[in-house]
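Student: Given these sequences and hints, build the entire structure.
Residue numbers (my numbering), protein chains in the order written: chain R, 125 to 468; chain S, 510 to 1183.
Source of the hints: derived by calculation from the structure; they are not laboratory data.
Warning: the hint list may mix true and false statements.
[What the hints assert, rightly or not] Restraint-style ranges between C-beta atoms, simulated for each label pair:
#: 1; chain 1: S; residue 1: Val553; chain 2: R; residue 2: Pro141; range: 22 to 32 angstroms
#: 2; chain 1: S; residue 1: Asn604; chain 2: R; residue 2: Glu144; range: 48 to 58 angstroms
#: 3; chain 1: R; residue 1: Glu144; chain 2: S; residue 2: Ser762; range: 28 to 38 angstroms
#: 4; chain 1: S; residue 1: Trp651; chain 2: R; residue 2: Ala351; range: 38 to 48 angstroms
#: 5; chain 1: R; residue 1: Thr209; chain 2: S; residue 2: Val704; range: 29 to 39 angstroms
#: 6; chain 1: S; residue 1: Ser762; chain 2: R; residue 2: Pro407; range: 55 to 65 angstroms
#: 7; chain 1: S; residue 1: Pro1112; chain 2: R; residue 2: Glu144; range: 51 to 61 angstroms
#: 8; chain 1: S; residue 1: Arg701; chain 2: R; residue 2: Phe139; range: 19 to 29 angstroms
#: 9; chain 1: R; residue 1: Ala219; chain 2: S; residue 2: Gly882; range: 57 to 67 angstroms
#: 10; chain 1: R; residue 1: Leu160; chain 2: S; residue 2: Ser762; range: 21 to 31 angstroms
#: 11; chain 1: R; residue 1: Gly179; chain 2: S; residue 2: Gly650; range: 33 to 43 angstroms
[Stated by the list, open to error] According to the in silico footprint, chain R covers these stretches of chain S (three or more CB under 8 angstroms from chain R):
#: 12; stretch: 754-767
#: 13; stretch: 772-779
Computed from a predicted model, the values in this text were never measured in an experiment.
Using N, Cα and C, we set each Cβ at its ideal position, and we do this for glycine too.
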Amino acid sequence: MTQPALQVQSLWKVFGPKAEKLVGTPDLELSRKELLAKSGHVIGVRDVSFDVAPGEVFVVMGLSGSGKSTLVRLITRLIEPTSGTVLLDGEDITAMNDDALRDIRRKKVSMVFQHFGLLPHRKVIDNVGFGLEVRGEDKAARRSRAQEMVDLVGLSGYETNYPDQLSGGMQQRVGLARALASNPDILMFDEPFSALDPLIRRDMQNEVVRLHEEVGKTMVFITHDLAEALKLGDRILIMRDGEIVQIGTPDQVVGAPADDYVRNFVSEVPKSHVLTLKWVCRPEVPGEQVSDRTLPSGTIIREAARAVLDAQGPVRVVDDNGQTVGIVDDEDILRVVVAEEESA
Amino acid sequence: MTATATDAAAPAPDQGPGPTLEEQPIVEYKNRRIPLKLAIIAAVWVLGWLLLRGKMTLSLPYAELNGFMNWLNDVSDKVGDWQQTNFFFHTVLGNIVTFINDVVAWLQKMLSTPPGARPTPEIGWLGVTAILGWVAFAVAGWRSTILVVVTLLLFNVLDIWTDGIDLLIVTGLSVLVSVAIGLPLGIWMARRKRVSAFFTPILDIMQTMPSFAYLAPLALFFGIGPACAIVITLIYALPPVARITEHAIHGVSESTVEASRSLGVTKGQLLRRVQLPMARRTIVVGINQCTLAALAMATVTALVNGPGLGQDVIQALQALNVGDAFVAGSGIVLAAIMLDRTTTAASERAERAARRGSGSTLAPRTRQLLLLGTAVVALVLAYLSHLYLWAAQWPDKATIGSDVSSWINDATNWVVNTFDVITSFVKNVVSYGLLNPLQSLFSNVPWWLMAAVLLSVAATLGGRRALAATAICGAIILGTGLWYDSMQTLAMTIVATVLTMVVAIVLGVAMGRSGRADLVVRPVLDTFQTIPSFVYLVPALALFGASRFTAIVAGVLYAFPVATKLVADGIRGVSETTLEATRSVGTTTWQTITKVQVPMARPGLILATNQGLLYVLSIVVIGGLVGAGSLGYFVVAGFSQQNLFGKGFAAAIAITAIGVMLDRIMRYAAARQE
Ligand SMILES: Nc1ncnc2c1ncn2[C@@H]1O[C@H](COP(=O)(O)OP(=O)(O)O)[C@@H](O)[C@H]1O
Ligand SMILES: [Mg+2]
Chain R
125 MTQPALQVQS LWKVFGPKAE KLVGTPDLEL SRKELLAKSG HVIGVRDVSF
175 DVAPGEVFVV MGLSGSGKST LVRLITRLIE PTSGTVLLDG EDITAMNDDA
225 LRDIRRKKVS MVFQHFGLLP HRKVIDNVGF GLEVRGEDKA ARRSRAQEMV
275 DLVGLSGYET NYPDQLSGGM QQRVGLARAL ASNPDILMFD EPFSALDPLI
325 RRDMQNEVVR LHEEVGKTMV FITHDLAEAL KLGDRILIMR DGEIVQIGTP
375 DQVVGAPADD YVRNFVSEVP KSHVLTLKWV CRPEVPGEQV SDRTLPSGTI
425 IREAARAVLD AQGPVRVVDD NGQTVGIVDD EDILRVVVAE EESA
Chain S
510 MTATATDAAA PAPDQGPGPT LEEQPIVEYK NRRIPLKLAI IAAVWVLGWL
560 LLRGKMTLSL PYAELNGFMN WLNDVSDKVG DWQQTNFFFH TVLGNIVTFI
610 NDVVAWLQKM LSTPPGARPT PEIGWLGVTA ILGWVAFAVA GWRSTILVVV
660 TLLLFNVLDI WTDGIDLLIV TGLSVLVSVA IGLPLGIWMA RRKRVSAFFT
710 PILDIMQTMP SFAYLAPLAL FFGIGPACAI VITLIYALPP VARITEHAIH
760 GVSESTVEAS RSLGVTKGQL LRRVQLPMAR RTIVVGINQC TLAALAMATV
810 TALVNGPGLG QDVIQALQAL NVGDAFVAGS GIVLAAIMLD RTTTAASERA
860 ERAARRGSGS TLAPRTRQLL LLGTAVVALV LAYLSHLYLW AAQWPDKATI
910 GSDVSSWIND ATNWVVNTFD VITSFVKNVV SYGLLNPLQS LFSNVPWWLM
960 AAVLLSVAAT LGGRRALAAT AICGAIILGT GLWYDSMQTL AMTIVATVLT
1010 MVVAIVLGVA MGRSGRADLV VRPVLDTFQT IPSFVYLVPA LALFGASRFT
1060 AIVAGVLYAF PVATKLVADG IRGVSETTLE ATRSVGTTTW QTITKVQVPM
1110 ARPGLILATN QGLLYVLSIV VIGGLVGAGS LGYFVVAGFS QQNLFGKGFA
1160 AAIAITAIGV MLDRIMRYAA ARQE
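Tutor: Next up, the structure:
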C-alpha cells in the first residue's frame, strides 16, 4: 500500500485560556455546551483521524460552526493543535520547528481561502508570485512561473490589474493561481466558492475538476454545500460539533447515512444522480428470467435507467471482476426515482 | 411648524438656576426622582447662600501663599540647585536639554534667525521656501507645493517670518520624534497584547491630560525654553501616531494575513510586505493628527518660552493689542491649514499608492527623475539665498504686517464703538444674568456647603462611583488652598459649557436633520478644529475687551465644533424607521426634534457635553491671559513670576481636579442611563 499523502491522527483543538491543561482530563468527554458552560473553553475539533491518499480529492463537509475551518488550519498549524499528530508524506508536522514548518508551507502545502486574502497593493501577477518571492526566488523565475499560473487559471490579459478591479470569481482565480504557483503536493480549500454567485460557483467547481485532471494534486476541500461535496469529492468527511460523523464515498454517504444528521443533509439529494446500481440491486430469485445484459455495479442509477427499462427482464449487475453482485429490474429503478419525486 | 408656540416654551423651565442647569437634559426621564432630588439640593443651596453669604469661603488674597504653595516654591528652588549639583539633573537631564536646545538653535540659525555675524539666516527665505516646497511636492504633490509656497510668502508679507519658521521648527521636530518613537511603538503594540495593554492607558493619559497639568512640572525639570516646549509637545503629539499605527495594523484584513502565513512568510516579511503597505494610508492619517496636535501644543508652549508665533500672540494679548495678535494668529492659522492640507494630501497619495490601480499619472522612473531635478533646483535656490541678500532678505517695502495690525486695530475700535450697545448688552446679560449669580453661588457660600452640594449632586446623578471621584477631587482642590478661585473657575466653566451646548444642539440638530446643512457646515467645523486654541482668544478679545466673558466666548468658539459634530452624529444615528413611525402618527417637526431625536440622541449629547467641557476647561486656563482671572490667571502668572510658581502649580492641580471631577460625574451619570 502506498504512503498516504496526509494522515491526521486523533487531532484535537480546544479554544480557551487553559486548553493545554485540559488534555487527558475527563472534561474533554463533556459535550461542547457543557464544557463551554463549565470552563469557558470551546471545542473546535474533537478527536479527528483520517488518511488522504495521493491524488485524492477529500471533502470535509458540515454546517457552519462545525469546525471545518479549524480542522483545515490545524493541518498546516495556522492554528496550533491542542493535541494529536498530522503527518504529511510521513513527516510529522506537529513536531516541526518554525523554520521547517515555514518550509512546508512554502513548498508542500498551499491554501485557497473563502475571502481570497489577496494583497490589494499588488498587481495580479505579483500576487500570484508572492509565495515564490517569499521563498526567495529571483524575479525572472517567479515572473515566468506566475505567468504560467495566470494562463492556467484563465486570467491571461489581467496580469497588471489590481485585485479590486476584478470580479469575485476572478479574484478567486488569482487565489487559486497563487496556491498553484509553488507547485505544492497538497492543495487545501476553505469554502473557496461560498462567497461567489451560484453561476460563477459552478464555473469555478468545473475549474477545480479540470485542474485536478490536469495537475493531479491531492486536495482537501472544505464546503458546507452538499452538492459541491458530491460533485468534487472522492470521499467525504462529515463533521458536527467538531467530531467526525461519517467518512465515505459520495454514494456511501447518500445511500447509507450514518445518522439523522447526515440523513437530513442528504434528504434533498436526487438519489438517482448519486447512487450506483450497487445500492439498489437485489439477490437473484432462483428461476427468475434474467436478461443477457450486464451493467457494472459502479454505474449511476440515472445513467443505467434507460438500459434497464429497455431490457427484457432484470439486468445482471457485476463488479470489477465480472462477478455478479445482484440484479435490478424496472421496479428497483423506479422506486428510487419515484421516491425522489415524492420528496421533492 | 404650526403647533410650536406652546411647545417652544416647554424647555424654558430648564433654564432655572442651580445645578439643574445643565444636568437636567441628562436625567429627564429614566429616573423620575432625580429632578426632585436636584430641586431639593438647589433649594438648600440657595437658602444657604442667602443666610451664610461671604462666610468661610476660603478666599485667598492675590499675593498670599499658603504652606503648600511655599513648599512648591522651595521644591522649585531646590531643583534649581540640583541642576548644578545633582548627577541626574545636571548630567542626564542637562545633556538632553542642551542637546535639544542645540538642535533647535542650529535649525534657527540655518532657517529663521540671523546668527550674530550675518544679517540673514544661513539659508534665506527663498531657499527655505524652495526646500519646504520640494518636501511638499515629494510627500504630497504639486498642489501642496503651491500651498506651502503661498503660506511662506505670506509669512514674509506679514513680517512674521522668524517666529513662523520657529513654530514650524518646534512642530516639525516634535513630529519627527513622535514618528520615530510612535511608529515602532505602535507596531510593537500591534504584535503583543501585553505591550498594548501596558502602553494604551499611558497613551490615554498623555493625550487626555490637560496640558497645563504638566506644563509646570516639566518646566521645573527641563527649564523653560525650546527643550521643554518640545518635550511637552511630544507628550501630546506622540499618542496619535502610536495608537493609529496599532489600529491600522490590526485593521489589515485577517484573511490576507492568514493567506500570507499559509505561504510561509516570516514575521519580517509579513510586516514589510503585507501589513505596513496595507496600513500605510491609515498611518499617514495618524501623522496628520500628530502634526495638528503638535502645532496646537507648540503654540501653547509659548507659555514656557517655547519659540514661535505663540509668543507673539501672548505678548499682544497681554498688551491688549488686537492687531498684533491678529497678525500672529493669522500666521498660526495659515500654518495649521498648510500642515493639515499637506498631510491630508499625503495620506490620499498613500491611498492611491496602496491601490495603484487608479490615479497615479507618472511612471515611477519619470517621477524619480522629476524629484531629482526639482531637488537640484531647490538646492541651487538655497545656495543662492545663502550668498545673495536679494534672495535672503525680504524687502521691507513688501511687508504689510504692521499695516494689517493697525487696520485691524482701527477696525476693531470702529466695531467696538459702533456696536458697543450690542456687545455690551450681550456681555452684560451673560455676566450679570448668569455668570455673576452663579459665581457668587459657587464661591460665596461656605466651602463645606458647596462641597456638600457637589457631593450630593454627584451622588444623585452618578451614584457611588461619582461620589467617590468627587470626594477625592474635592479634597485635592481643598488641599491646594485655592477653593474659592476653583469654584469661580467651575462656575465659569459651567456657563461656557452650557452656551457651547446651546450652540452645538441648534447647529447639530440642523446638521443631523439636513444633509445639505451638514455638507455646508462640516468643512467649516473641520477647519475650526485645526486652529490651535490660543487663536480663539483674539476675536473674543477684539469684541469684548479683557474680561471673564472674553474667556467664555473663546471657550465656546473653541469647543463648539467638536460638540456640534458629536451632536450631529448622534441625531443622524436615530434610526430612519423610528422617524418614519413618528411621522406616521402626525408629529410636527418640533415635536419630532424634542420628543424623539434629541432624547434618542442622548448618548451623543452626553459625549458632546463631556468633550465640550474638556475643551472649555483648557481655554479657561489661557483665558487668564485676557482677564479671565481665577485659576487660569495663576497658572499663567506662575510661569513668569518666580514667587508665584507654587501658586501657579497649585492652580494647575486644582484645574485638573475640576476637569477630572466633571468628567467622572458625567461619565457615571451616562453609564447609569444605559
Ligand atoms: N479563535 C477562536 N477562539 C474561540 N473559538 C473559536 C475560535 N475559532 C473558532 N472558534 C469556534 O470553533 C468552532 C468551529 O469554528 P470553525 O472552524 O470556524 O467552523 P466552520 O468553519 O465549520 O464554520 C466555532 O464554534 C467557533 O466559534
Ligand atoms: Mg469556516
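Student: Decide, hint by hint, whether the structure agrees.
Tutor: How the hints compare with the structure:
no.: 1; hint: Val553(S) - Pro141(R): 22 to 32 angstroms; in the structure: violated (52 angstroms)
no.: 2; hint: Asn604(S) - Glu144(R): 48 to 58 angstroms; in the structure: holds (50 angstroms)
no.: 3; hint: Glu144(R) - Ser762(S): 28 to 38 angstroms; in the structure: holds (29 angstroms)
no.: 4; hint: Trp651(S) - Ala351(R): 38 to 48 angstroms; in the structure: violated (57 angstroms)
no.: 5; hint: Thr209(R) - Val704(S): 29 to 39 angstroms; in the structure: holds (34 angstroms)
no.: 6; hint: Ser762(S) - Pro407(R): 55 to 65 angstroms; in the structure: holds (59 angstroms)
no.: 7; hint: Pro1112(S) - Glu144(R): 51 to 61 angstroms; in the structure: violated (42 angstroms)
no.: 8; hint: Arg701(S) - Phe139(R): 19 to 29 angstroms; in the structure: holds (20 angstroms)
no.: 9; hint: Ala219(R) - Gly882(S): 57 to 67 angstroms; in the structure: holds (58 angstroms)
no.: 10; hint: Leu160(R) - Ser762(S): 21 to 31 angstroms; in the structure: holds (28 angstroms)
no.: 11; hint: Gly179(R) - Gly650(S): 33 to 43 angstroms; in the structure: violated (55 angstroms)
no.: 12; hint: 754-767; in the structure: holds (count 5)
no.: 13; hint: 772-779; in the structure: holds (count 5)
Checked against the numbered hints listed earlier, the structure breaks hints 1, 4, 7 and 11; every other hint is satisfied.
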